[in-house]
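Protein chains in written order, with this note's numbering: chain W, 1 to 222; chain C, 1 to 411.
Note that these hints are calculated values from the structure, not bench results. Only true hints are included.
In silico contact screen, one side only, chain C against chain W (beta carbon under 8 Å); selected entries:
| hint | residue |
| --- | --- |
| 1 | Thr326 |
| 2 | Thr328 |
| 3 | Ser333 |
| 4 | Gly334 |
| 5 | Asn336 |
| 6 | Met337 |
| 7 | Leu409 |
| 8 | Lys410 |
Some residues of chain C that are not near chain W, with every Cβ distance over 10 Å (derived):
| hint | residue |
| --- | --- |
| 9 | Arg50 |
| 10 | Leu137 |
| 11 | Ser200 |
| 12 | Phe379 |
All values derive from a computational prediction rather than experimental measurement. Just so you know, even glycine gets a beta-carbon here, dropped at the ideal spot from N, CA and C.
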Amino acid sequence: MSKIILKSISKSFKGTVIFNNVNLTGETGKIIAIKGKSGVGKSTLLNIIAGLETSSSGSYRFDDIDMEKKSLNELAKVRGESIGYISQFSPMIPKLTTFENICIPLIFNKKNRNLEESKITKIVELSKLFQVHHLLDKKIKKLSGGEIQRVGIIRSIISEPKLIVADEPTGSLDDETASTILNFFRELKSNGTTIILATHSQMVAAQSDIVYNLTKEGLYLE
Amino acid sequence: MLIAIMFFFLILILVVNLDQANIETQTVSNFEGKNIYQVSDDLIDNKETRFFSSSDGYDTLSNFNNKLSTSSKFISYTAHWQPINLANFKGGNSFDPDYQYGSPPKPTFKLNDKVYSSVLSLQINDSVFNLNHIQILEGRKFSKKEYIYNNNTNKIPVILGNDYSSMYKLGDNINILVYGKEFQGHIIGFFEPSQKIMTSNEPEVILDKYIILPALTFKTALSNYLPKDPNAQVFFRATLFATTNSLLLTDSSPLEIRKDMDRISKSAEFEDFQIIGASGLAINTLVSMTKANLKLIYLAIAILFLIAMCTFVYTLYLKVKKNIDTYTVLLISGANMNYIKKYIRAEFLLISIIGIIVPLIPFALILSGSLSFLINYLFISFIFLIIILILIKIVVNKIFDKVDIVQYLKR
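Could you put together the complete structure from these sequences and hints?
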C-alpha cells in the first residue's frame, strides 16, 4: 500500500521561490485535491510528487522510498513501476494509434511488459468506459481534445500504478465525462490507489477526500 | 538524409582513390593467369585523315607505340593479321586468306614484271615467340634489331610456316608487297609444323601457311623519311596501327591499366584509343572517380562534413521541438532522459547507416563486388559514423539543457 509524505518541500526556479514549506501526508486509497491560484506552482508540486523534477529542499518519501535521494533517472524507474501521470493536455505520440499510445507505459513497467490477453481486455473495457473504444485503431491525431484527454487517463492507469498524479484531469471535459472520471477515481481508490490531483473545479474538490490549498507559503487544508 | 548520402558518396570516391590497386574487377585472363586487354585505336574515316594530314601524326603514333613496347607495367603483344602479296608464288590457293575463309581467292596481278598472289601473313613482336613457345624447325627468330624499321634497305627478314619449307630454303629471298610497298623478304627461318599462336582476333592461328614479318617500330622520327606520296604512306600507317592495336598482358587490374595507359597517353600526347577489357561501365566509373583530384575530394569532404554537421544539429533541434509531445509521453510513462536521448541518437544513427548503404548500391551493381574495397569503405565510414555520433551526443545534451521537457507539461 502506498503512502506519501512530503516534509518542508520548497521549490525555486531560476532564483525565484515558487513555494515554501509544503507538507503533505497522503494515505493509501485517498483522493487528494490541491487547489490554488494559477501560477502558484500546483503543476510543479505534482511534478515533484511524480518524480519528474526534484525539489529545492525538504524530504519526500513514497512507499518507503526516499525520493529526494534518487536521481531523475532513478525516479523515472519508480514512475514507470508505480506512478501514473495525467497531464493537463495529455500529450500523445501522433504517429501511433490510440491503442498503441495507451500501451506505452507498459514498456517501462517490468510486471506488464508483455502485452497479455488480460491487459488487452482491460484496455478494451476502460476504453468502453471512457467511450473511446471505437477509436482504438485510429491514429491519435484524428481524435478530438476531449477524446485525447480520456485516452490520457486510460494510459495513466493501464499499468495499475499505486499513485496517480493528475494535473487538471477534467479541465477540458464536459460535466458528464468529468463525472465518469471521478466515479472511476473513486473505484480506483477503493482498490487502494492514491490519487493526487490539481484542480480549479469545485465539483472535483467536493468529491475528494482531502482538499489542500497551495500558496507561496505552503500547503493548507481547506 | 540527402546530406548523409552525399557525404558518404564522397567517402566512397575517396576510398576508390586510395584503394584503386585493390579493387577487383572482371578481366579476361590467359597466359599463366595474366590479365589481357586490347588497345584499339579510334582513328577511323575522317578522324584518321585529319590525324595523318601532317607528318606529326605519324611521329605521335610512333612515339606512343614505342612507349607501349617499352613499358614495364605490361607486356605488349602484337600478332597482327595483314594482307601481303608474294611474287611468282606457286603454292596454290590454300595460302590465300580469302580462300581460307571459304571465298574465292583474290586474283593475281602483275607489277614490275612479277606476278603477285595474296598470301596469309602476320606481323608479330618478340612477346609472341616467348608466350606461345613457338618452335623453329630451321633458322632463327627475329633479332631485336630486326624489329626496327630500316629506311636504307628494302630487305626485311621473314619466317615462313612449315608448308613453305618444300618451296623455299633458308637464305632465299622472296619478293613481297606489304600495303603496296615492295620488300625483298629474306628467309631467316621455318616453323615446325602445326605451330599455334593467339592473335587479337582469334584464340588460335596455325602458322603453317603464314609468312611472318616482324612488327616494325620506328626509332627515329618517322617524319624524316615519310614519303610525300599518300599511297606510299599507307604502309607506314598500317605498320603503326599494327603495334598500336596490341594486346597488353599484365597482372594489373583494369583500373591500374587505365592509369598506366593514361600516363603513356599523356606523355605521348595520343588519346584516340580505347582499352578493350578495361572500358566497361564499371571501369569507366571507377576511372572517373580516380581522376577526381584527391585534394578537392578532401576539401569537399571537409566542407560537406561541416554542412552535414550543421544540418544534423539544426535538424536535431527542429526534431526535438517537433517531437516534444512524443518525448513527454515517454517521460511521464517512465522513461528517463538518457532513454529519450538514446532514442534520438538511434534515429540519427539509422539515417547515417542509410547514408552509408545507399552509395554502395550503385557501386555493387556496376562492380561484381570487392571485399577489400567494401571493408575499407565501411571502416572509413565507421570512423566518420563514430565522430558523427559523438557530435550528436554532445548536441543532444546541449539541446536538452535548453529545452526542458518537464516545463512543457505545465502549458
